[in-house]
Amino acid sequence: MTFSLGIAVGADHVRAVALKGGRIVAATEAELAAGDSLSAAVAELLSGAPLPRYPRPRVVVALGPSLSQTRRIAGLPPLDDPALLAQVVREGAGKFFLRNGVPLATMGVRVIEPGAVWAAALDERAVRAVEAGCRSAGVRVHRFVPAVAVLGRALTDAEVLWADGGAVAEVRLNGGDMQSVRRLSGGQAPAAPPTPVAALAALGDEGLRFADAYGAASLPEYEPMVLRAFGGAAGDVPAWRMALAAGALAAALVFAAVAPALRAMEAEDRAAARIAAVQDRRRAAAETERELTRVTEALAEAAAFDAARYSPTLLLADLTAALPAGSALVAFRADTAAGSVVALAPRAAAVVRPLEKVPGIVGPEIVGPVTREALAGREVERVTVRFGIDAVRRAAPGAQEAAP
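Once you know that position 390 of the sequence shown is 390 in the numbering used here, the rest is easy, because the numbers rise by one and skip nothing.
Honestly, the hints are just simulated from the structure, not real lab data. Hints should not be assumed to be uniformly reliable.
[Claimed, not checked] Taking CB as the label site, the calculated pair distances span:
hint, residue 1, residue 2, range
1, VAL258, THR293, 23 to 31 Å
2, GLY75, GLU159, 44 to 52 Å
3, ALA317, ARG281, 32 to 40 Å
4, GLY363, ALA11, 56 to 64 Å
5, GLU221, ALA74, 23 to 31 Å
Note that CB positions come from ideal geometry on N, CA and C, so glycine has one too.
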């Protein structure tokens, strides 16, 4: 029967829920005051939890909104490979997430559609502190997740406000899956408490506080938006591994003493294994190079697309500012390569020359007939001017300031 442990860490608390065969067997919590050691609090909390020695529990940690950021990211290269998209997000973490002087650890992504994903970043200091506390308690963290990603496994509502210290996250759910996540001001509170699932409701009125810990404990293995544990500190070797190594050494010495003839065969096998390992590394390096080439090409394509975009609103503002006095812009159309305007002016010819000075406008010319109209007691001419658009020059920094 499987045994899993969910740990929820927030700005001022640490909570844990233990599941055995899907049933809650323990729920405990501890408060965190300013200046308290997070690793010590985790270790103390787990020391009193009824954890089996064998098999060791599967441990999943959920970090609250004060220690994590979760968002839907669109506009990525049109790929459906989660590993490649996670690498793109990791390389652009400073663009997608707020650092605020805090080191961030990004994780796997949940693909919504090619080029659009759910992604998250965690406070790396909190991640390492929780890992240290779990090691002190004799357990190993398997995965980290943002708390908002697991609330759908503990609550049945379509909309949840989840508070964590001064941070409040508004989570919209559909069938337990995230549809949107929004950070609100700390003063907002839910109109009514959310509804827990049956297993969590068995804890009574206090059960809602453990929703994130329960969701972490019941997280399935196939969830892609997780951060694998960093692992123990250098030199931190478990005692059982030391004992196993000592036993292996003793067996090797006995074997070498009673069967010297087999040592030569063993050396031959090791040489063959080294040759095979070199070949495996060569194949792995070639595969890595191919993957990096794919990512580089995808990033270059995304960068080229971004460099060629310009703001139609700023273009309209520049065209309007360029018209001579007494003129009015009646219609404006533009795409990525060309555009046109319909204007009323005292003289149709006076409209063309100012447009030539607008950054990114190429070859303005009058098309169609020029008609005379009476407007507010004045006679004006209606003219249609067509022009090309240099999108790269138009999108360049300073294009708006260069307009007349």
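Take a look at whether the Cβ-Cβ distance between GLY363 and ALA11 falls inside 56 to 64 Å. holds, 60 Å
At the C-beta level, are GLU221 and ALA74 separated by a distance inside 23 to 31 Å? At roughly 27 Å between Cβ atoms, ALA74 and GLU221 fall inside 23 to 31 Å, so the hint holds.
So does GLY75 sit 44 to 52 Å from GLU159, Cβ to Cβ? violated, 26 Å
State, for the Cβ atoms of VAL258 and THR293, whether the hinted interval 23 to 31 Å holds or is violated. violated, 53 Å
Just to be sure I understand the hint, the distance between the Cβ atoms of ALA317 and ARG281 should be within 32 to 40 Å; is that true here? The hinted range 32 to 40 Å is violated for ALA317 and ARG281, with Cβ atoms some 58 Å apart.
Of the hints listed earlier, those the structure fails to meet are numbers 1, 2, 3, in rising order.
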